[in-house]
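This is what each chain is made of:
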Amino acid sequence: MRETLAGTGTLVRLGLRRDRWLLPLWILGFALTTGSTATAGANLFPDVGSRIEAANTINATASLVAMFGRVYDPASLGALSLIKYTAFMAAVLAVLMVFVTIRHTRTDEETGRLELLSGGRLGRDAPLAAALLITFGASLALGLLAAAALAAGGLPAAGSLAFGLGWAATGMAFGAVAGVTAQLTTSSRAAIGLGAVVIAVTYALRAVGDLAEPGPSALSWLSPIGWNQQVRAFAGDRWWVLLLPLALCTVLVPVAFSLRAHRDLGAGLREERPGPGRGALAGVWDLAVRLQDRILVAWAVAFVLFGVVIGSLASNATDLLSSPSAQDLIAKLGGAQALNDAFLAAEISIMGILGAAYALAAVNHLRSEEIAGHTEALLGTATTRARWATSHYAAALAGVTLLMLLAGLSIGAGAAVALHDSTQIGRVTLAALAQAPASWVITSVVLAVFGWAPRLTAAVWGLLVAFIALGEFGVLWNAPQWLMDLSPFRHSPLLPVGSGGIAALVALTATAAMIAALGYLGWRRRDLSA
Amino acid sequence: MATVLEMTGVVKRFGNVTALDGLDLTVTAGEVHGFLGPNGAGKSTTLRLALGMLRADAGSIRVLGLDPWRDVATLHRRLAYVPGDVALWPNLTGGEVIDLLGRLQGGQDAARRDRLLEIFDLDPTKKTRTYSKGNRQKVALIAALATDAELFLLDEPTSGLDPLMEDAFRGCVRELRDQGRAVLLSSHILSEAEALSDRVSIIRAGRVVESGPLEQLRHLTRTSVTADVASVPPGLELLPGVHDVVVADHRVSAQVEPSGLAALMQALTVAGLHGLTSRPPTLEDLFLRHYGAPTGEASTTAAASSKGRPDDA
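Protein sequences appear in the order of chains Z and S.
If you're matching positions, the first sequence starts at 1 in my numbering and goes up one per residue.
If you're matching positions, the second sequence starts at 1 in my numbering and goes up one per residue.
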């Protein structure tokens with residue numbers, strides 16, 4: 001074995017040991033939801049006629065094409081049932097693989113764990129090689145399990161395999177992307193952020209490309225997520241498209257290793273520059289803001305761009321959504337009822353969930369700051385526990401509220417231009433802001449778990465994923481009503497927000513306040529973790 | 001002298017591990033109190049309890065007359081703390097962190113801050129990510145020392161500092177004492193505590209086993225002497241203040257109290273002394289001699305001999 005790769009096997013074992021819950025749970029989760037969707041699809045669309053009608057409606061609805069892509073064979077049950085899985089879930093998969101790759105490369109480097117290991121018989125390239133092996137292996141396992149689950153659900157074996165391999169190749173491609181971003185920044189958060197930007201851009205590229213008539217334009221072919229759609233599983237199974245993500249890997253992996261070879265341990269692409277010798281941070285609130293302002297700005301820019309694009313699609317959507325079958329379909333896909341606003345409402349709900357993801361990441365500073373020992377330094381001063389916790393909790397609440405305000409304004413502005421109706425700005429902004437209280441609830445859950453069972457703080461991410469899955473697929477899966485009602489997002493009022501909506505908002509806000517109060521109680525009583 | 005810190009019968013458990021087991025500790029105003037113990041003896045736990053970061057399972061804790069669990073903010077305005085593990089925000093500069101901690105403390109003396117930066121030779125414009133361990137330690141020290149606290153709780157404050165900086169630190173602590181402030185200085189280095197402390201408490205396995213002025217604890221500071229002589233004179237172990245005499249060929253080693261040094265040196269010189277090393281005993285030596293094996297080791301040995309270590313399970 002080459003000298004620079006020495007110890008790769010040991011690191012793979014270490015990584016798998018650390019991920020022994022994370023990876024199997026995610027892989028199983030992906031495979032099981034995919035399989036159950038295949039079964040549910042067969043019940044929803046029992047005959048070819050209903051499939052063709054649904055598929056044609058999707059293909060004619062710009063917002064759905066932008067969000068999920070096209071159904072390339074209207075008669076194919078697999079292509080129709082898995083419409084949300086080829087782009088949307090592939091992007092979620094990409095996020096997971098970026099996260100796993102960075103976790104085993106830049107995060108270990110930033111925390112100094114890698115320095116500890118590097119004293120041993122460990123080659124310079126071993127950490128990156130091990131991380132990529134883990135990501136590639138996990139992608140392959142996930143894809144093959146998903147294929148097996150689809151085939152078991154009654155779909156054609158060849159299409160199932162094409163679908164699974166498409167996911168595997170997408171996961172590998174984004175693992176390789178993260179292998180490169182891990183070399184560029186000194187902070188692991190920034191490396192994950194860069195990876196997320198790549199995912200968002202590739203998603204947007206294929207959205208615009210898919211909207212071109214007829215069929216996808218060259219833009220879709222520039223996007224790895226677009227490639228996954230162009231494999232066209234169950235609609236022609238174009239195996240050769242799988243070569244594209246693999247080719248991307250063979251380009252990116254050597255780039256990552258070469259970047260690593262040309263930098264020092266712990267260093268990024270840029271030299272660390274000196275900063276101010278005097279601090280202007282006046283207290284914990286300033287500190288909380290400082291710790292997340294850049295990330296918030298990045299999210300805000302993404303929200304505004306995304307919002308304007310979605311808003312300007314409004315006229316298309318309202319024209320096309322007037323057929324009874326379209327209304328029926330939107331209902332089946334878990335969207336809103338009010339036909340006129342269904343499209344905007346559905347998009348605003350998605351923004352609401354993205355906003356919740358931001359809030360969750362922000363409020364998780366509570367735990368990460370405690371683990372890092374920063375909280376100990378701050379509580380050694382005259383800062384009280386409540387004040388410190390409030391700084392991160394309130395920053396998360398304010399952050400998501402600001403994001404929803406921006407989402408509302410930009411979607412509203414786009415819609416106002418598209419529909420020649422300036423009143424859209426106000427009502428859309430109100431509807432977007434109405435999504436905030438649901439994310440306040442899940443933010444408060446983090447505070448409560450942090451107060452009473454701090455080690456489980458990060459597990460609230462799983463709760464968010466469960467809520468999203470229930471919201472997207474609950475109807476499809478025939479989930480019991482009470483279970484779906486547990487999700488705060490289900491209670492967010494939709495466009496147009498009426499007086500009933502106000503009551504729901506008050507209830508959500510009160511729930512958030514009660515859960516937060518519980519969290520404060522626990523946090524005041526428990527020991528600080530050392 | 002006024003008592004600034006008083007802990008009586010304090011018990012702290014983490015799950016089924018008892019970290020503190022009836023700890024008593026008193027610090028009075030205007031003294032530097034050395035708090036000595038090996039790793040894992042409970043020093044940091046004691047300080048965190050005194051800061052209200054942990055809650056005691058039993059016993060009473062008063063710091064500056066206040067209950068640290070209840071009166072956190074009022075109390076912390078009057079004390080300063082340097083954690084044992086200094087963790088800083090990687091993307092802030094050292095200067096930003098010092099100023100932030102100072103403001104949270106209720107204000108620091110700007111002139112004093114600048115003077116400390118000079119004394120400790122720290123560049124405040126660098127991101128803390130680029131600091132060495134010693135420089136991170138300096139950030140926490142400067143932030144604490146620049147405040148006007150009545151009580152300083154310092155958890156192994158010199159770890160990572162070079163000898164020059166250690167010396168600068170000692171100067172600062174003496175200055176604090178001259179101003180009538182109290183310092184609780186935890187350490188596992190006996191010589192550091194000796195150099196600074198008026199009184200010393202020694203903690204072992206969650207209990208304070210020795211406490212008092214340094215002179216009273218003189219018996220703890222025997223010097224370890226090893227000498228090469230032409231012929232070993234008989235009866236060395238009978239000399240006053242000479243203990244644990246071990247003879248091997250022409251080499252003698254012994255533990256000697258300060259009062260016994262002169263007599264021993266005389267005897268060795270007469271015997272034809274041609275090689276001599278002496279060193280103050282380490283804390284571990286003291287524990288070994290006074291209390292047998294350190295408890296940590298004793299328990300692991302016991303566990304290993306019975307059914308294998310519990311942490312291997």
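Among these hints, one or two may not hold up.
[To be verified] Some chain Z residues close to chain S (C-beta under 7 Å, calculated; not the full set):
hint: 1; residue: Gly268
hint: 2; residue: Leu269
hint: 3; residue: Glu272
hint: 4; residue: Ala282
hint: 5; residue: His374
hint: 6; residue: Ala377
hint: 7; residue: Leu379
hint: 8; residue: Ala382
hint: 9; residue: Thr383
hint: 10; residue: Ala386
hint: 11; residue: Glu472
hint: 12; residue: Asp527
[What the hints assert, rightly or not] In silico negatives: residues of chain Z with every beta carbon more than 10 Å from chain S:
hint: 13; residue: Trp21
hint: 14; residue: Phe257
hint: 15; residue: Arg260
hint: 16; residue: Arg263
hint: 17; residue: Ala361
hint: 18; residue: Gly380
hint: 19; residue: Pro454
hint: 20; residue: Met514
hint: 21; residue: Leu528
The hints are simulated quantities; they were obtained by calculation from the structure and are not laboratory data.
Remember, predicted model here, so these are calculated numbers, not experimental data.
Positions of the beta carbon are idealized from the N, C-alpha and C atoms, including for glycine.
Evaluate the condition: distance from the CB of Arg260 (chain Z) to the nearest CB of chain S exceeds 10 Å.
-> 19 Å, holds
Hey, is Phe257 (chain Z) genuinely clear of chain S, shortest beta carbon separation above 10 Å? 24 Å, holds
Should the hint that Ala386 (chain Z) touches chain S count as held when the rule is a Cβ pair under 7 Å?
At about 10 Å, which exceeds the 7 Å cut-off, the nearest Cβ of chain S leaves the hint on Ala386 (chain Z) violated.
query = Can His374 (chain Z) be said to touch chain S, with a Cβ gap under 7 Å?
reply = It holds, given that the least Cβ distance between His374 (chain Z) and chain S is near 6 Å, below 7 Å.
Does Ala282 (chain Z) pass the interface hint, meaning its C-beta sits closer than 7 Å to a C-beta of chain S? Because about 6 Å separates Ala282 (chain Z) from the closest Cβ in chain S, which is inside the 7 Å limit, the hint holds.
For Pro454 (chain Z), is the shortest beta carbon distance to chain S beyond 10 Å?
13 Å, holds
Q.
Does Ala382 (chain Z) hold up as a contact with chain S if the rule is Cβ-Cβ below 7 Å?
A. 4 Å, holds
Quick one, is the Leu269 (chain Z) hint okay against chain S at 7 Å, beta carbons? Not OK, violated: Leu269 (chain Z) not within 7 Å of chain S, min 15 Å.
#### Entry: Hint check: 7 Å Cβ-Cβ cutoff, Thr383 (chain Z) to chain S
5 Å, holds
Exercise. Can we trust that Arg263 (chain Z) is non-interface, i.e. its beta-carbon lies farther than 10 Å from all of chain S?
Worked result: Check passes; 15 Å lies beyond 10 Å.
Separation of Met514 (chain Z) from chain S, once the least beta-carbon distance is taken, above 10 Å: 25 Å, holds
### Message
Interface hint check: Ala377 (chain Z), Cβ to nearest Cβ on chain S, cutoff 7 Å. Holds or violated?
### Response
6 Å, holds
The structure is inconsistent with the numbered hints 1, 2, 10, 11, 18, 21, although it conforms to all the rest.
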